Structure formats: structure tokens, C-alpha cells
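Between the sequences and the hints, there should be enough to build the whole structure, so can you do that?
Protein chains in written order, with full-length UniProt numbering: chain A, 1 to 550; chain B, 1 to 233.
Don't read these hints as lab results, they were simulated from the structure.
Bear in mind the structure is a predicted one, so any value in this text is a computation, not a measurement.
Keep in mind that the hints are not guaranteed to be accurate.
Restricting the straight-line Cα-Cα distance to at most 30 Å, the calculated cross-link-like pairs of lysine-lysine (BS3-like) are [said to hold, decoys possible]:
(1) 166(B) / 140(B)
(2) 110(A) / 182(B)
(3) 182(B) / 107(A)
(4) 113(A) / 140(B)
Computed footprint of chain A on chain B, listed as stretches where at least three residues anywhere in the stretch have a Cβ under 8 Å from a Cβ of chain A [as the list claims (entries may be wrong)]:
(5) 48-60
(6) 88-100
(7) 198-208
Every residue gets a Cβ at the ideal spot worked out from N, C-alpha and C, and that includes glycine.
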Amino acid sequence: AMDTDLSSQDRKDLDKFIKFFALKTVQVIVQARLGEKICTRSSSSPTGSDWFNLAIKDIPEVTHEAKKALAGQLPAVGRSMCVEISLKTSEGDSMELEIWCLEMNEKCDKEIKVSYTVYNRLSLLLKSLLAITRVTPAYRLSRKQGHEYVILYRIYFGEVQLSGLGEGFQTVRVGTVGTPVGTITLSCAYRINLAFMSTRQFERTPPIMGIIIDHFVDRPYPSSSPLHPCNYRAGEDSGAVYPSVEDSQEVCTTSFSTSPPSQCVFTVTKAHFQTPPPVVTDTLKVPVMGLAFSHQLSSSRLSYQPAALGVGSADMGYPVLFAGGLNAAHPHQLIAPGKEGGVPPVPSQPAHGTQADQERMCTPLDGVHYSAATPSSSEDTETVSNSSEGKCGSPHDLLETIFVRKVGAFVNKPINQVTMANLDIPFAMFAPKNVELEDNDPMVNPPDSPEAESPLQGSLHSEGSSGSSTGNTHDDFVMIDFKPAFSKDDILPMDLGTFYREFQNPPQLSSLSIDIGAQSMAEDLDSLPEKLAVHEKNVKEFDAFVETLQ
Amino acid sequence: PLSARCCAPPGAAPAMNCRAEVLEVSVEGRQVEEAMLAVLHTVLLHRSTGKFHYKKEGTYSIGTVGTQDVDCDFIDFAYVRVSSEELDRALRKAVGEFKDALRGSGSDGMGQISLEFYQKKKSRWPFSDECIPWELWTIKVNVVNLANEQERQICREKVGEKLCEKIINIVEVMNRHEYLPKMPTQSEVDNVFDTSLKDVQPYLYKISYQITDSLGTSVTTTMRRLIKDTLAL
Numbered sequence: 001a002m003d004t005d006l007s008s009q010d011r012k013d014l015d016k017f018i019k020f021f022a023l024k025t026v027q028v029i030v031q032a033r034l035g036e037k038i039c040t041r042s043s044s045s046p047t048g049s050d051w052f053n054l055a056i057k058d059i060p061e062v063t064h065e066a067k068k069a070l071a072g073q074l075p076a077v078g079r080s081m082c083v084e085i086s087l088k089t090s091e092g093d094s095m096e097l098e099i100w101c102l103e104m105n106e107k108c109d110k111e112i113k114v115s116y117t118v119y120n121r122l123s124l125l126l127k128s129l130l131a132i133t134r135v136t137p138a139y140r141l142s143r144k145q146g147h148e149y150v151i152l153y154r155i156y157f158g159e160v161q162l163s164g165l166g167e168g169f170q171t172v173r174v175g176t177v178g179t180p181v182g183t184i185t186l187s188c189a190y191r192i193n194l195a196f197m198s199t200r201q202f203e204r205t206p207p208i209m210g211i212i213i214d215h216f217v218d219r220p221y222p223s224s225s226p227l228h229p230c231n232y233r234a235g236e237d238s239g240a241v242y243p244s245v246e247d248s249q250e251v252c253t254t255s256f257s258t259s260p261p262s263q264c265v266f267t268v269t270k271a272h273f274q275t276p277p278p279v280v281t282d283t284l285k286v287p288v289m290g291l292a293f294s295h296q297l298s299s300s301r302l303s304y305q306p307a308a309l310g311v312g313s314a315d316m317g318y319p320v321l322f323a324g325g326l327n328a329a330h331p332h333q334l335i336a337p338g339k340e341g342g343v344p345p346v347p348s349q350p351a352h353g354t355q356a357d358q359e360r361m362c363t364p365l366d367g368v369h370y371s372a373a374t375p376s377s378s379e380d381t382e383t384v385s386n387s388s389e390g391k392c393g394s395p396h397d398l399l400e401t402i403f404v405r406k407v408g409a410f411v412n413k414p415i416n417q418v419t420m421a422n423l424d425i426p427f428a429m430f431a432p433k434n435v436e437l438e439d440n441d442p443m444v445n446p447p448d449s450p451e452a453e454s455p456l457q458g459s460l461h462s463e464g465s466s467g468s469s470t471g472n473t474h475d476d477f478v479m480i481d482f483k484p485a486f487s488k489d490d491i492l493p494m495d496l497g498t499f500y501r502e503f504q505n506p507p508q509l510s511s512l513s514i515d516i517g518a519q520s521m522a523e524d525l526d527s528l529p530e531k532l533a534v535h536e537k538n539v540k541e542f543d544a545f546v547e548t549l550q
Numbered sequence: 001p002l003s004a005r006c007c008a009p010p011g012a013a014p015a016m017n018c019r020a021e022v023l024e025v026s027v028e029g030r031q032v033e034e035a036m037l038a039v040l041h042t043v044l045l046h047r048s049t050g051k052f053h054y055k056k057e058g059t060y061s062i063g064t065v066g067t068q069d070v071d072c073d074f075i076d077f078a079y080v081r082v083s084s085e086e087l088d089r090a091l092r093k094a095v096g097e098f099k100d101a102l103r104g105s106g107s108d109g110m111g112q113i114s115l116e117f118y119q120k121k122k123s124r125w126p127f128s129d130e131c132i133p134w135e136l137w138t139i140k141v142n143v144v145n146l147a148n149e150q151e152r153q154i155c156r157e158k159v160g161e162k163l164c165e166k167i168i169n170i171v172e173v174m175n176r177h178e179y180l181p182k183m184p185t186q187s188e189v190d191n192v193f194d195t196s197l198k199d200v201q202p203y204l205y206k207i208s209y210q211i212t213d214s215l216g217t218s219v220t221t222t223m224r225r226l227i228k229d230t231l232a233l
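Here it is as C-alpha cells:
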């Protein structure tokens with residue numbers, strides 16, 4: 001519809017509002033999936049750069065991605081801006097969790113005042129977005145991300161694609177704002193079968209206590225799009241990499257007037273403005289995590305301290321906690337490393353028996369470009385670049401970067417053994433093809449899960465509520481049901497039956513695995529002369545010590 | 001503020017143009033505070049603006065509202081609130097009183113807490129100012145007692161899910177863009193907004209509560225009380 005009624009100034013303002021609304025929407029969504037608590041300060045005096053009178057930080061990389069996706073366009077009919085949130089496990093399986101859609105429909109409200117009502121309603125809509133982003137299932141998952149999985153985001157512009165969400169996905173509407181050129185609507189479609197693959201289940205699998213995943217490599221897109229870690233510590237300084245970020249410093253000074261009727265004085269002054277060059281819209285998955293990805297894990301212990309990861313503002317200092325009680329009730333709960341201050345140990349052995357999966361090939365980290373502003377993070381970046389160079393050298397090094405899962409303190413379990421024996425992990429359907437999916441292992445799903453519909457859900461949940469199993473091809477017998485004596489019914493997996501099930505398939509000890517045993521013995525033998533030399537040097541000290549004992 | 005009331009006592013029917021929303025939750029005793037705060041803060045997030053700064057010629061600029069995440073200890077739930085310690089204190093005080101009243105004797109664990117947004121209309125002496133409510137949120141609370149840890153764990157999760165639904169409900173109401181007071185001139189601002197806080201500016205609001213008296217609500221309740229009293233001999 002031709003909006004001849006709209007003054008050119010109003011039109012310009014409206015376009016600007018919509019553009020910055022879109023950018024802020026992306027920021028709110030991505031920040032809500034970083035896995036950390038967000039905190040920004042209220043300020044009674046307007047700073048001029050806080051769009052919609054809300055303190056929402058701008059992570060430069062996120063703005064960059066959003067602008068790339070939009071490529072200078074605005075949401076319009078048939079052209080929606082979508083933020084896709086997905087989950088990726090440490091084994092490389094991924095799943096779409098949510099699609100946030102910013103759409104425009106044709107319903108126009110010609111009477112509405114752009115610089116006043118529309119602006120305020122957009123502000124209200126952002127507040128609603130802040131609230132809603134905390135109540136979809138992906139929020140709790142994202143708060144628990146770390147070693148076992150991470151949350152990624154992808155921004156695209158165009159037609160909304162909801163097919164990746166599985167069947168039976170639900171939609172929540174965040175809100176709408178009518179404007180003279182159309183009605184802006186913001187909504188979220190989210191996968192629901194994940195709601196039952198709650199954080200509880202992630203923590204329950206693999207069902208061995210004390211699993212520490214200490215090497216996480218994510219290289220899903222070796223060819224086309226470079227992976228962009230979200231390095232957003234004091235993000236403003238990354239301007240060197242993203243020249244177009246400067247126009248996010250466009251200030252928005254709003255003055256409102258209360259004299260006859262809702263007259264508005266609205267000025268926008270720009271610090272800089274550079275039109276970003278048109279970019280091909282890439283489908284780019286970006287990890288939403290307070291860490292530079294992959295190699296950093298092997299080198300920097302700092303990367304796991306939540307306190308070191310600020311979301312921009314220095315006000316952010318909240319430790320990463322989550323409903324502490326959630327863990328209390330599950331004695332078999334895995335330690336969620338990083339989230340409780342635990343730091344993964346650096347593995348000393350490469351993985352064996354793993355398939356050199358093409359996807360896991362390490363490519364030089366683009367994240368190396370990321371200069372962090374804070375001292376702690378610059379150290380990280382340095383080690384990142386060092387480690388990435390080191391790791392990408394030889395095939396042998398290649399193996400080292402492949403995901404290794406340490407089970408317990410001394411066990412080193414090759415990946416394929418993990419995925420085959422451990423059939424109660426989520427995404428078991430993504431495991432290598434020679435694995436039979438066990439549909440009905442009660443470990444994968446609590447007995448009282450509802451009926452499943454989508455294929456994915458079907459594979460992860462039992463069809464009945466009795467926990468019966470149709471058989472696990474890797475077991476010698478079929479477990480029909482398991483009701484241990486003296487144990488209660490499973491309302492919650494906290495009893496003897498659960499304990500038994502969880503621990504009935506312990507992994508093989510690494511010392512029983514010849515390869516690893518042999519290798520470590522070889523290493524031990526090699527280092528013996530050195531160790532002997534050292535001990536000989538200190539023989540006097542040792543003797544003195546022995547004296548004191550007598 | 002709980003005590004300062006310039007118009008009808010709580011529980012009275014809202015004025016004609018006052019929008020009224022009712023939410024109901026069943027929670028365990030220790031979850032009452034967090035559940036109430038979650039709902040109240042979510043409403044106030046939508047009903048607070050930055051501080052107004054009036055300039056010449058009747059124009060004004062608006063300060064910035066910061067937000068922060070709050071994790072609940074007794075509920076598997078997190079919510080966003082306005083970054084204002086003063087506001088948080090005020091709400092916690094009100095909710096604390098409500099919780100104590102719920103726990104007190106004479107209560108059967110049922111009550112409701114109300115958040116009312118109003119405008120002041122100045123009247124001339126000797127009449128006192130009128131308070132005209134324009135939005136009323138009522139949260140009905142039913143306190144349950146649980147027998148064991150398993151039930152408590154379930155309750156944590158269920159209440160968390162329920163609160164998610166409530167947040168969605170609240171946002172739905174907010175999105176209707178129904179009546180909001182007109183933006184006031186400088187002289188009128190205190191009739192519309194609470195300007196006493198230093199960092200944010202919520203619409204004028206008041207919080208009140210009532211506890212359902214177990215006597216006389218229902219036969220079963222009365223019977224139970226009689227039996228309890230008898231056994232107490």
C-alpha cells in the first residue's frame with residue numbers, strides 16, 4: 001500500500017525504528033541464550049544511545065551478523081527476519097530449538113503516531129521479548145550449556161522455515177505493533193519435544209558419574225562459512241574488525257512533547273554512518289557461548305570461569321548459577337563443568353579408535369582475529385591462536401583435537417564406543433549408522449513422558465509409560481521392565497531402580513584397552529630415564545626425608 | 001505502598017474502565033515469595049519507564065531502563081526484572097507481608113495479592129484526591145503442603161512451568177495495547193507516575209492483599225477446623 005499519508009520524515013523515522021528494533025531483537029534473543037544472567041543498569045539521564053529507552057547491550061558480532069543477514073533491507077511482507085536457535089552436542093549432533101520471527105504483515109494503522117506511539121510500543125515489545133525469552137524451554141537448556149552441548153544462533157532473512165523444529169512445535173506470540181506501513185509481529189516457534197529432553201536428561205547421560213568432557217571441538221562447517229565465536233567481552237573494542245559496527249553507535253535522542261496532542265520532537269543524530277557493503281546472506285551458525293570455541297578449551301582454564309565472561313557492561317558480574325535445587329535432587333547428576341567452577345583437565349592422550357570424521361577437522365580458528373579488550377581474554381585469544389596453530393599441524397595433532405570423553409579419572413573412552421554402548425544419550429538417532437536406536441530405554445525418558453509424535457521424539461521416548469523396552473541389540477537379553485525389590489515406582493528417577501539402570505553399563509577401563517595401555521606404557525618407559533635422572537639429582541633430599549621418618 | 005490508600009479498600013470492584021486480570025497459582029509455602037515477585041516484577045517491567053526529564057517547550061526526554069535476570073531458588077524458574085533496587089525492595093516488602101499473613105493463624109493457605117495501577121485526580125478542598133484505577137492484577141495463591149522430597153521436586157518443576165504460562169499470559173495482556181494514561185505534562189506527572197524512585201518510573205501503583213479466612217469459606221474447611229480443634233484437646 002502506498003503510504004502517501006506518511007510524511008517523509010515520519011517514514012524515515014519509522015524505517016529507522018524498525019531497523020534498530022530488529023537489531024535489538026536479535027541482541028535480546030542471542031544474549032538470552034548465552035547461558036549467563038544478563039544485567040544492565042538503569043540510568044535516569046538518557047545517554048542517547050539506548051534505543052527504545054532500554055539498556056540492551058550490543059554485542060558487535062551479533063550486530064554484524066544481523067546486518068549481514070538483513071543486507072540493508074527491512075522486514076516486510078514475505079520478508080521476515082528470523083533468528084534460529086539450535087543446540088549442538090559435543091558429538092556434533094545438532095537440533096533446532098527455536099525460530100524467533102520478526103514479521104511484517106499488511107495491516108496498516110494509518111492513524112498511529114510514529115515517533116511517539118510506535119516508538120513506545122516497540123519499547124514495550126522489547127520488554128515482552130526480554131520476558132518471553134526466559135520462559136521457553138531453550139532458556140533453561142542454554143543456561144546449562146557448556147561441555148556437553150552449546151547453543152548456536154543463525155540469522156536469516158526471507159521466508160520463515162519451521163520444518164526443522166519437528167512435529168508439534170508450539171508458538172508463542174511476543175507481541176505486535178501496528179504502524180502506518182504494516183503491523184510488526186514478533187513470535188517464537190519452539191520445539192516441544194525438547195521440553196521433555198530437559199536439562200535433567202542431559203545431565204543423566206551418559207549415566208556415569210563424574211564425566212568430564214574436556215575437549216570439545218566444533219567444526220561443523222569446514223568449507224564455507226567461518227565459525228564466529230561470540231567474543232563479546234567489552235565488545236565495543238572490536239570495531240577494528242567490523243567497520244559497519246560504527247553505525248550502531250548512532251545515537252537516538254528522543255524528546256517527547258506533551259503539548260497539543262502528542263506532538264513529537266524526535267531527533268536522531270549519528271556519530272558515524274557507514275552503509276555496510278551488501279553481503280551474500282550466509283547461513284552461518286554461530287556459537288552462542290561465552291567462550292571462543294574449541295581449542296581454547298585445551299589451553300585456557302580461564303575460559304571456564306563464568307565470572308570472567310562479561311556481557312559487555314562492567315555491571316555484569318553475576319556468577320552463572322541456576323536454580324541450585326535442580327541439582328540437589330539428582331544425586332547421580334553429572335557435574336556441569338564450568339558452571340560450578342570446575343575446570344576440565346587437559347587431556348594427555350589422543351583419542352584412539354575414533355573415526356577421523358571429516359566434520360571434525362580443525363580449521364584455523366577465525367576467532368583468532370577476535371581481539372578481546374580485557375586482559376584475561378586477550379590471554380585466551382593468544383592461547384587460542386597458539387593452540388590452533390599447534391593443533392592443525394599434523395594428522396597426529398588432528399586426532400588430539402577430536403572429542404575425547406574421559407569417564408571417571410582414568411578412563412578414556414573412544415567416541416564410537418561411547419555412542420554405541422551409551423544408547424541413552426539424546427540424539428542417539430544421529431549416532432553412526434551401525435547403532436541401533438533403542439527406543440524404549442527408560443533411561444532416556446522418564447516413564448511418565450507423554451506420547452511422542454515426531455520421529456525424533458519417537459526415538460527418544462518410550463511409547464508406553466511402563467518403561468518397557470523392545471530390546472537393545474547390544475544387550476544379551478531384553479529388559480521388559482525393571483522393578484527392583486523395595487523400590488518405589490518411578491515418579492522421579494531417584495531410587496534404586498534408577499541407580500541400577502544408570503550404573504549397569506559401566507564403560508571399560510582404559511587400562512584394559514590394549515591400545516591405550518600400550519601407548520601409555522610406551523610413554524612411561526620413555527620418560528623413565530628422565531625421571532631417574534631427576535631423582536638421582538635429589539637423592540640427598542630423599543635420604544634426609546627418610547631420616548626424618550625414622 | 002501497602003498502607004497508603006486513597007480510594008476503595010482492596011477487594012472492592014474495580015472502577016468501570018479498569019481492566020482486571022486474575023492469575024492463579026498453587027505453590028508450596030517456601031515458593032510464595034519468589035512466585036509473587038516473578039509475576040509482580042514482570043508486570044512492572046512492562047509498566048515502568050525511564051525517568052522523565054522535562055525540558056522547555058513542554059518536551060521531555062526519557063531515561064533508560066536496565067533489566068536483569070533473577071533466578072529462583074525454590075522454583076525451576078527465572079525471570080527478568082527492572083534494574084532498580086528501590087523497586088525490588090518495595091515489592092519484596094509487600095510480598096513478605098503477604099507471605100507472613102498467609103502463614104499466620106486463621107489462614108488456610110489461600111489468599112490473593114493485588115497490584116493496582118491508578119491515576120490521581122486532584123479534587124478541590126475539602127475533598128481528597130481521587131484514585132482511579134485503570135489496571136488491576138490479582139494473583140490468587142493456594143499454598144499446598146507436600147509430604148516428601150519427591151513431591152517437592154515435582155512441585156519445583158510444575159510451578160516453574162506454571163509461571164512460564166503466567167508470564168506468557170501477562171505478555172498477552174500487555175500486547176493488547178489497551179488503555180494507558182496519557183503522557184502527562186510536568187505538572188501532572190505525579191498523578192500518573194511514581195516519581196519517587198531515582199532510576200526508574202513506574203506508573204502509580206499500589207499493592208494490597210487479602211487472606212481467605214478459613215472460617216466460613218466452605219463447609220469442609222469449617223469441618224476440618226472443628227475436628228482439628230477437637231483433637232487439640
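Structure-based check of each hint:
1. Straight-line distance between C-alpha atoms of residue 166(B) and residue 140(B) comes to about 12 Å, which keeps the hinted pair within the 30 Å bound.
2. Of the pairs offered as hints, the one joining residue 110(A) and residue 182(B) holds, with about 20 Å between alpha carbons and a cut-off of 30 Å not exceeded.
3. For the given pair, residue 182(B) sits about 25 Å from residue 107(A) by alpha-carbon distance, which is consistent with the 30 Å threshold.
4. Distance restraint check for residue 113(A) and residue 140(B): the Cα-Cα separation of roughly 38 Å exceeds the 30 Å cut-off, and the hinted pair is therefore not satisfied.
5. Closer than 8 Å: that is the beta-carbon criterion, and the stretch 48-60 of chain B has 9 residues meeting it against chain A, so the requirement of 3 holds.
6. With 0 residues having a beta carbon nearer than 8 Å to a beta carbon of chain A, the stretch 88-100 of chain B misses the requirement of three or more and the stated coverage is violated.
7. With 3 residues bearing a CB less than 8 Å from a CB of chain A, the stretch 198-208 of chain B meets the requirement of three and the coverage assertion stands.
When the structure is compared with the earlier hints, violations turn up for hints 4 and 6 and for no others.
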